Amino acid sequence: MTNTTLTPGKLAPPGRTRRERKAAELEARTRAAGDRLARISGRPAAQVLQDARATPHGLRQDDAELRLDRGGANVVAHDTGPRWYAQLAKAFWNPFIMILVALLAVMYVQWLQAADEEPFDPKIPIIGTMVLVSGLLRFWQEHRSAGAAAALRALVTTTTAVQRRADRNAAPATVEIPMDRVVVGDVVRLAAGDLVPADLRLLTAKDLMVSQAALSGESLPVAKADTRPHDYGQSTTTDPVEADNLCLMGTSVTSGTATGVVVATGAGTYFGSMAGSLVGERPETSFDTGVKKVSFLLIRFMLVMVPLVFAVNGFTKGDWNEAFMFAVAVAVGLTPEMLPMVVTTNLARGAVAMSKRKVVVKRLNAIQNLGAMDVLCTDKTGTLTEDRIVLDRYLDAHGREDAEVLEYAYLNSHFQTGLRNLMDRAVIDRVLEAEEVVVDARFTKVDEIPFDFARRRMSVVLSRNEVGRGEAHRDEDSRGEADGPASTEHILITKGAVEEVLALCTHMTDSGRRLELTRELRRRVTRTAEDNNRQGLRVLAVATRAFPAGRDAYTVADEDGLTLVGFLAFLDPPKADAAAALRALADKGVAVKVVTGDNELVAARVCADVGIDVGAVVTGAEVDALDDAELRTLVRATTVFAKTNPVQKARIVRALQAEGHTVGFLGDGINDAAALRDADVGISVDTAVDIAKESADIILLEKDLMVLEQGVEQGRTTFGNTIKYIKMTASSNFGNVFSVLVASAFIPFQPMLAIHLLVQNLAYDISQLATPWDRMDPEYLREPRTWDAKGIARFMLFIGPISSVFDITTFVVLWHVFGADSEASQTLFQSGWFVEGLLSQTLIVHMIRTRKVPFIGSRASAPVMVMTAVVMAFGLFLPFSPLAPALSMEALPMSYFPWLIAILLAYCALTQAVKTWYIRRFDAWL
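Using the working numbering, the first residue of the sequence shown is number -18, and each one after it goes up by one.
Please note: incorrect hints may appear among the correct ones.
Taking lysine to any residue pairs in the SDA-like style, the calculated list, with each CA pair at most 20 Å apart, reads [stated by the list, open to error]:
{"no.": "1", "residue 1": "LYS187", "residue 2": "ASP225"}
{"no.": "2", "residue 1": "LYS569", "residue 2": "ASP685"}
{"no.": "3", "residue 1": "LYS298", "residue 2": "ALA805"}
{"no.": "4", "residue 1": "LYS771", "residue 2": "TRP906"}
Simulated restraints on C-beta separations [what the hints assert, rightly or not]:
{"no.": "5", "residue 1": "SER336", "residue 2": "GLN42", "range": "44 to 50 Å"}
{"no.": "6", "residue 1": "GLY838", "residue 2": "ALA726", "range": "37 to 43 Å"}
{"no.": "7", "residue 1": "ARG504", "residue 2": "HIS38", "range": "50 to 56 Å"}
No lab work stands behind these hints, which were simulated from the structure alone. A quick note: this is a predicted structure, and the numbers were derived from the prediction, not measured. Quick reminder that beta carbons are idealized off the backbone N, C-alpha and C, glycines included.
Take the sequences, apply the hints, and build the full model.
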């Protein structure tokens, strides 16, 4: 028996997108692994051992070593992360950075050609520094987060118990070996608390309960058996997770013991088939798409405006070399060169803020995606629920709460000597600890009939002691038993599956009376159990029978003629903060959809408990029956998806994305990994399986769902400050270039030298260094925010020309009022426009950063206010400074400043008026 390898050609046809090929590959791998395991499940154990070339006594040590050499280590594929130098290179692979690098190259070549005549352009090292700082900051944050995520995976090496023989004639010995050294044919011993190291076909099992939540999402452990009578295997199943005689890698034993032969390891396991399709390049997220669109928008503006400026200046001035230099300066001015640094600083600040809330941000872009998220898909087990079993209710046969049912259940769980399962522990936890001392004094154990999977029940037989007579129990007449000393009576208490226990009951208790269980009453009590099942509860029945004392041994035959006492109902309870967290997300415009592997009844119950409007629950089988277009229609109206496998979860995420949603996925199991990877932002927890943590963008170190709501707000603040910078800078730069075009056409000299444009742009950029520390209006944070290239273009076209109106007004004032109307006075003209341009560009930040009236309705943060004041003071001082001659500037007359103040006030007033109209017209601003 060997692990099957699927070649890429077998997995997905060519001609699809990379994401579609990955999805097809995942589906093909899991189907192939599932079919192979299903066939193994249907074979007798002897045949499985023969196929694996193994024996029930285990492999010889030399044979195991040989198999390890041939088959490789028992590890699944996983992302190791890029090496530091690859991660460093990737940090600089950004459209905005590429634009800046191209401009740097042009500026450097231009300077080299005129090095003898022109001083070194200070913009070259300045832009180069911005590029370096932006890339290095991103690299440092992501490299540090990757290290933190790796530390979470660095757990103690896990071992497993296998049977090995030193040679052919040696007796088998149980040895502990690292899990990665398990091979096909190994006979593994399992006990409570063990992780299943590989895919196993069970050979023996006793009271075995396995948690498959990581694979299937089912919250309650499932029973596993070894073989059917006469070792005929079991009936064929297409889902290996549902096979009674298979234990799969990634699951864990909650109770019982078993031995099993390894039938698949590493990439050949059901788990490995999923993991192999989840490594490599991640799908493009909404952040990546948005950045690309904005980058290309700015490039298109440059391709239009720069040649236009070059042509107008060349034809009107006749100096084509000067026109080219000015056009390059305009290109730099049009490019928001601080954008990579502002974006990275914003994201890094968000990551630092999240880390204080015990959240590891593995990929910086995930911060913005979290803010853009408008649909959160979440698994149920361990995320909405506590991932533990509690006794929710104890009911009599009519569905009324009855303490006697709890008492009998407690006696059964307390006195059994077998391995207690999770439901036994839940019953014991429901009773006060002091009760244990009292129970030991009131009862003596006579015998027990252990649990087995054929009967699906277990019983204990107790003798009442005199001290406990009549206390907390109904008198014997109420059960139809004879009066007498406590020592003359034994009581058998049976607890187990409803169907099996009810089949053995002839009577029931009803308000202290013992009634015959007629057909009508049987139908009623069955309905009581079914009603609780429909509410998503796991139901067990409790029954009793009294025997005369004198015997000390009881058998399965004594489990007959029972009296039904009532029912126990168990569930995995919702987290205390789940409902509040989901409400907070809804208030922020994030719709929550539950996508779970658990059954539809349990999913509906939990969702209702946390306040989710359940509606019609859709199962994974229904999802499989739909094509992509039909699934897109279905996901619009569906809130809860149940019984979904990894492929179906990922399809649901992609369908939501195809509908234009930015999708987050919260999960911690193996079956969540594909969806975590396909989502725009994958969120997991530190206790998740490794593959889920590797697939996630964000890891919660504590299972506090309220952190998600805070993360959404942080993401929107990050995005708001980023888009604020883009819109302010792009519209302002566009207005400046538009003004340059007008001035170039009508003024016989350069309205502003290239060095002026560069210094003005640099001073403005420095003022924007404080943008990541700005605050956003509360109203802005209430809705998801995404990149909108068309909105940015519209903003530039409507808001940018406002500055041109006042630039032209400044031209007129300088030309007519101050006589700057010839080449001899061009320095005065250029100095006056430089100051007006820089002050208006810096001051307008406060007009654009909010929908409200600036300084009154909304005030910028202190860093932004300080930087604005510093840069405006710099702009006013520069024409008067010792640097003025070197920059071809001159001091401005004092009479210019009243005009400047009037122009700036008028500029602010018109901008506010246009802003009010724009918001009413387009219902948008930032």
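Hint check results:
1. Of the pairs offered as hints, the one joining LYS187 and ASP225 holds, with about 13 Å between alpha carbons and a cut-off of 20 Å not exceeded.
2. For the given pair, LYS569 sits about 17 Å from ASP685 by alpha-carbon distance, which is consistent with the 20 Å threshold.
3. Between the alpha carbons of LYS298 and ALA805 the distance comes to roughly 16 Å, so the proposed pair stays at or under 20 Å and holds.
4. This hinted pair checks out: LYS771 and TRP906 have alpha carbons roughly 12 Å apart, not beyond 20 Å.
5. Checked against the hint of 44 to 50 Å, the pair SER336 and GLN42 passes, with Cβ atoms roughly 48 Å apart.
6. A C-beta distance of roughly 39 Å is found between GLY838 and ALA726, which places it inside the suggested range of 37 to 43 Å.
7. Separation of ARG504 from HIS38 is about 52 Å and conforms to the stated range, judged on CB atoms against 50 to 56 Å.
No hint from the list above goes unmet by this structure.
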